[in-house]
Each structure stands twice: as C-alpha cells, then as structure tokens.
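Student: Top line first, the protein sequences correspond to chains A and B.
So the number in my numbering is just where the residue sits in the first sequence, counting from 1, plus 237.
So the number in my numbering is just where the residue sits in the second sequence, counting from 1, plus 237.
Warning: the hint list may mix true and false statements.
It does not matter which identical chain is used: a pair holds within one copy or between any two.
[Said to hold, decoys possible] Lysine-lysine pairs mimicking DSBU-like chemistry, simulated, CA-CA at most 30 Å apart: (1) Lys485 with Lys320; (2) Lys253 with Lys391; (3) Lys240 with Lys271; (4) Lys352 with Lys320.
Treat the hints as calculated values from the structure; they're not laboratory data.
Everything numeric in this text was worked out from a predicted model, so none of it was measured.
Number of protein chains: 2
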Amino acid sequence: MLKIGEFSRLSHLTVKALRFYEKEGILLPASTDKWTGYRLYETAQLEAAASVKAYRQLGLSIEEIRAIQAGADVRQILTEKAKALTEEKRVIDSRLSIIHHMLEDREMRYQVTEKTIPEMIVYSSETVLAQHMDIMRWIPSIGEECLRLNPGMKCADPPYEFCEFLDGEYRETDVKIRHSEAVTAAGKGSDQIRFRRLPAVKVLSVFHKGSYDRIGEAYAFLMRYAEQNGFHAAGPARECYIDGIWNKESEEDWLTEIQLPIDWR
Amino acid sequence: MLKIGEFSRLSHLTVKALRFYEKEGILLPASTDKWTGYRLYETAQLEAAASVKAYRQLGLSIEEIRAIQAGADVRQILTEKAKALTEEKRVIDSRLSIIHHMLEDREMRYQVTEKTIPEMIVYSSETVLAQHMDIMRWIPSIGEECLRLNPGMKCADPPYEFCEFLDGEYRETDVKIRHSEAVTAAGKGSDQIRFRRLPAVKVLSVFHKGSYDRIGEAYAFLMRYAEQNGFHAAGPARECYIDGIWNKESEEDWLTEIQLPIDWR
DNA sequence: CATAGGGCCTCCCCATGGAGGAGAGTCAAG
DNA sequence: CTTGACTCTCCTCCATGGGGAGGCCCTATG
C-alpha cells in the first residue's frame with residue numbers, strides 16, 4: 238500500500254490531481270485509513286492512473302473520462318473529440334491569418350470584426366447620383382416619401398440604414414446607389430420604393446472615422462482583409478451612417494461603418 | 238446618449254460584456270447618471286467597442302487589451318500571440334494524430350502517456366542471458382553484489398529499476414541485456430557494475446498487465462505509436478518491473494511498464 | 001522521552017470571461 | 001396608477017486543479 242505522495246511520484250500525477258480525481262470519482266484510492274484519513278493506493282492502480290493521464294493528455298474532460306469508465310463508447314467520444322479539435326484548429330488558423338494580416342499592415346488604422354446581422358424588413362430605393370456628395374440630400378427625401386406612403390411607419394430599433402454602391406467598380410460621378418432602412422413591418426411600395434425581407438447575414442465590419450473623402454481607404458482595407466483571410470464576399474458592401482453632418486459639427490467626429498456580407502459558411 | 242441596451246444592440250456586445258469591460262477598465266461609458274447609476278454611451282464609442290471586440294475575436298486576454306490601450310507595442314503582443322497560437326496548434330495536431338492512431342487500433346488494450354523522467358544516478362550492469370526468463374534470477378544477484386561493494390548504499394525513492402534489451406532485434410535466446418537501478422549517490426563500481434548519471438529524459442509509457450509471454454505486443458504497440466505520431470526514439474526502451482513474482486501470486490496481476498525515451502523536443 | 005520536520009488531512013480562495021438570476025430601483029406608455 | 005421593459009448591484013457557476021492555512025500523524029534523532 239502506497240501513501241499518496243509515493244503514488245504521486247510513481248504515477249507522475251500531482252497530489253492535488255489525485256485528490257481531485259478521487260473527488261470526481263475517476264480514480265479512487267484502493268482504501269482509506271479510517272483513523273487518519275490517509276489515502277492508500279496499490280501499485281496495480283498505476284495502470285488506471287496512466288489511463289486517466291492518457292485521456293487528460295488528449296484533452297478529454299473529467300466528465301468524458303467518467304463516461305468512458307461507466308462503459309460509454311470510447312470510439313464515439315474520441316471521434317467527437319477529434320471533430321472538436323479540428324474545429325479548434327480551424328479557429329486558430331483563422332486567427333493566425335488575421336494576425337499576420339495585421340502585422341503586415343503598417344499603420345493599423347482599421348480593426349475588422351465579425352458580426353451577425355439578424356433578419357429584418359427594409360424599404361429600399363435605387364437611383365443614380367451625379368455626385369457622391371449628393372447622398373446626404375437624397376436620403377432624407379426617400380424617408381419623407383416613404384412616410385407619406387405609409388403614415389405611422391416605424392423604423393427598427395436599433396436603427397439600421399445603409400447604402401450599397403452597385404457599380405462594379407469605384408466611380409466618382411454617375412454613381413448607382415441603393416439605400417435601405419430597416420423598419421418594424423412591411424408597408425406599401427411605389428415606383429421608387431420597395432419593401433423586402435433581408436435575410437440574416439454574417440458581415441465583416443470596419444469603422445471609418447472622419448470625413449468621407451478618405452473612406453475609399455477603409456473599403457480597400459476591408460476588401461484586402463477579406464481576400465487575404467479566406468472570406469468570400471456574399472454581396473456588395475453596406476455603408477452605414479452613424480455620426481455625420483446631422484449630429485456632429487466637426488468632420489473629424491463623423492463615424493461610418495462599412496459592412497461586407499460574407500458567406501454564411 | 239445611449240443606454241446600455243441600445244449600445245449593446247449597436248455594438249453587438251452583450252450587456253453583460255459591456256458591464257464587465259467597464260469593470261476591467263477597457264471600455265468605459267461616456268458618463269454615468271449620478272442618480273440612477275445608468276451607464277450612458279455615445280455613438281462615437283462604437284469604434285472603441287469594435288476595437289475591443291476585434292481583439293477579443295483574436296483571442297487576446299483582457300489584460301493584453303488593457304496593455305495595448307495603455308500604449309504597449311501592439312506588434313509585439315500580436316507576435317507573441319501568434320507564437321502561442323502556433324504552439325496551441327502543434328498540440329492539437331499531436332492530439333489529433335494520437336486519436337486517429339487510437340481509432341485505428343481495434344482492441345485499444347494499451348494507453349500511451351508522456352512523462353518526464355528526472356535526472357538520476359544509477360548503477361548498471363550488462364550480461365547475456367541464455368533465456369529471457371533468467372532475468373528474475375539475475376537481477377537480485379547484481380543487487381547483492383552492489384550492496385557488498387557499497388555497504389549503506391540506498392535506492393532512490395521512489396524506486397526506479399529497469400532493463401534495456403541491447404540487441405537490435407528481438408530474440409528469445411542469448412539476450413544481451415542491461416539492468417539499471419536508481420540510487421541516492423554514486424558508489425564504487427567493479428568489472429560488472431558501473432555507476433553513471435542518467436540525464437533527464439522524456440518518455441512514452443505503456444503498462445503491460447499479465448505475464449511476460451505477451452509483452453512483445455506492448456513493445457510492438459509502443460513502437461508503432463511512436464512512429465505514427467511523429468515521435469523519434471532516443472534510445473532503447475526501458476522495461477520497469479512494478480508487480481511480479483516477488484509480490485503477486487497470480488500472473489494476471491503482474492504489472493510492467495515500458496518506457497520509450499523520445500527526443501527531448 | 002521530547003521534539004523537529006516532513007507528510008497528510010480538510011477547507012478555502014484564485015484564475016478566465018463572462019452567463020444566469022435574484023431583488024430592487026427607473027422609466028415611459030396606456 | 002399600473003404595467004412591463006430596462007437597469008442597477010451582487011451572488012453564484014463553469015473546469016481543472018494550484019497555492020496556502022491550520023491542524024493531525026508518523027518517524028527519526030538527540
């Protein structure tokens with residue numbers, strides 16, 4: 238009979254771990270001295286200890302080891318574990334890719350995050366603007382028209398409103414543009430305005446701070462980021478207006494989010 | 238000014254997370270209502286929130302994000318993180334390899350664990366035995382001789398004693414064998430017996446239960462395991478005797494550990 | 001025989017990054 | 001005024017032990 242310290246040295250498990258494994262019921266001492274409370278192990282238990290240790294080294298949880306000892310299908314548990322490990326690895330690869338991308342970027346002005354935009358109902362309208370700068374005059378006019386068509390219409394909370402640029406390429410003039418705004422329920426459309434259900438989508442997002450004249454850099458960054466890290470665009474980017482001329486005096490305080498829909502998986 | 242729920246929906250961070258980030262000092266609300274205690278955020282803080290979110294998605298700890306905000310070198314932290322992730326990936330690959338190896342094995346009789354055997358002093362002696370079975374007569378005789386040469390010599394605690402089979406191949410007769418036993422201090426050697434310092438070594442270990450006639454299977458398993466999972470043997474395997482004829486009546490209770498030294502890294 | 005030191009016992013706190021919930025105050029709409 | 005939706009703080013929980021306090025047990029040594 239071995240005291241816990243001796244068994245610890247033979248099994249290469251710490252005393253703390255041995256006591257913990259007893260509490261969890263996956264490695265019980267052969268006996269316990271009723272007077273002193275000392276745990277007593279036998280050399281034959283080294284095999285069981287090695288088994289527990291082997292499973293722990295594979296990353297199995299105490300719960301899983303307990304299940305195996307209770308007669309669960311080892312193969313199935315190992316197969317599931319392999320699947321989980323493969324998924325973990327995929328996450329790590331993705332993070333490594335992103336970190337390397339960030340390290341290559343000199344200024345690190347932009348930070349990309351991944352979000353899920355839930356399903357929603359929007360009204361949309363398209364037009365061609367002579368100049369990019371005309372957006373901020375055009376948007377309010379659509380809102381007014383929509384409200385005239387649908388009195389009592391309510392915008393979603395939180396508000397969500399964005400523009401997509403439908404030209405394949407970037408252009409300064411004659412910009413084809415679509416504006417959408419989320420609402421609580423569908424309403425009546427018109428020549429100009431169409432209601433539709435926008436499905437949930439996963440997006441990559443960056444925030445652009447400052448006036449719009451350098452927003453092209455944010456787009457360029459986001460596109461390069463997606464390409465280099467294995468994301469695949471699932472539609473045109475959305476430009477969401479958060480702070481702007483309507484609530485901030487200084488152009489420096491303007492804040493715009495660019496969301497690039499990516500494949501749901 | 239936005240209440241926490243509104244900011245939560247805009248930033249895609251949970252209310253719980255926002256409160257937690259305030260407590261940790263990495264994302265403070267713009268102000269707090271002194272009367273009600275309500276946290277109040279501004280839209281401009283969405284950028285900071287996105288930054289925190291981006292770093293969390295990369296797996297940076299709160300501590301690391303705090304360091305970055307305090308002006309630490311982002312590049313250095315990201316580089317370290319990349320190193321840590323690469324290491325994690327290496328571990329996962331190793332585990333996956335082992336799991337696949339286990340799934341291929343039909344019976345799963347053996348479990349391999351990895352241990353580190355510390356540096357120690359042993360006395361060793363070599364011989365050629367006519368039959369494998371003679372081991373258990375030979376070993377005690379060396380022990381006696383060594384004790385005669387070095388009265389007062391003490392074996393290490395925990396005891397550690399093993400045989401290595403020095404023939405390149407497996408053989409039944411004329412077995413070249415080396416026996417070693419750990420002691421507390423070097424002593425006087427002889428023609429037969431030599432003291433030496435055994436360096437620390439990492440080993441793969443399996444336990445074999447039962448009589449010695451099927452121990453070859455354990456060796457075969459261990460060797461195949463090492464080969465298939467990318468370990469490289471760093472010396473002959475060690476056969477450690479734990480339970481045997483000297484303390485267990487029944488052959489079924491005999492317990493032997495086989496340790497295969499592997500490259501330290 | 002007395003004491004010292006090492007081993008062992010139980011019990012409690014700690015880490016990560018929030019999630020979940022209790023109990024109570026706040027706010028806006030009907 | 002009531003109701004329901006938010007918000008506040010404070011507590012516990014997850015997994016796997018590590019670290020340490022306070023106290024008992026055993027053995028060796030002076």
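Student: Determine for every hint whether it applies to the structure shown.
Tutor: These are the hints, each one checked on the structure:
In the homo-oligomer, the alpha carbons of Lys485 and Lys320 never lie at most 30 Å apart, since the shortest distance is 50 Å inside one protomer and 43 Å across protomers. When the C-alpha separation of Lys253 and Lys391 is checked against a cutoff of 30 Å, the pair qualifies only between copies, where the shortest distance is 28 Å, while the shortest distance within a copy is 61 Å. When the C-alpha separation of Lys240 and Lys271 is checked against a cutoff of 30 Å, the pair qualifies only within one copy, where the shortest distance is 14 Å, while the shortest distance between copies is 60 Å. Within a single copy, Lys352 and Lys320 get their C-alpha atoms as close as 24 Å, and across copies as close as 26 Å, so both meet the 30 Å cut-off.
Violation of the numbered hints given earlier is confined to hint 1; every other hint is satisfied by the structure.
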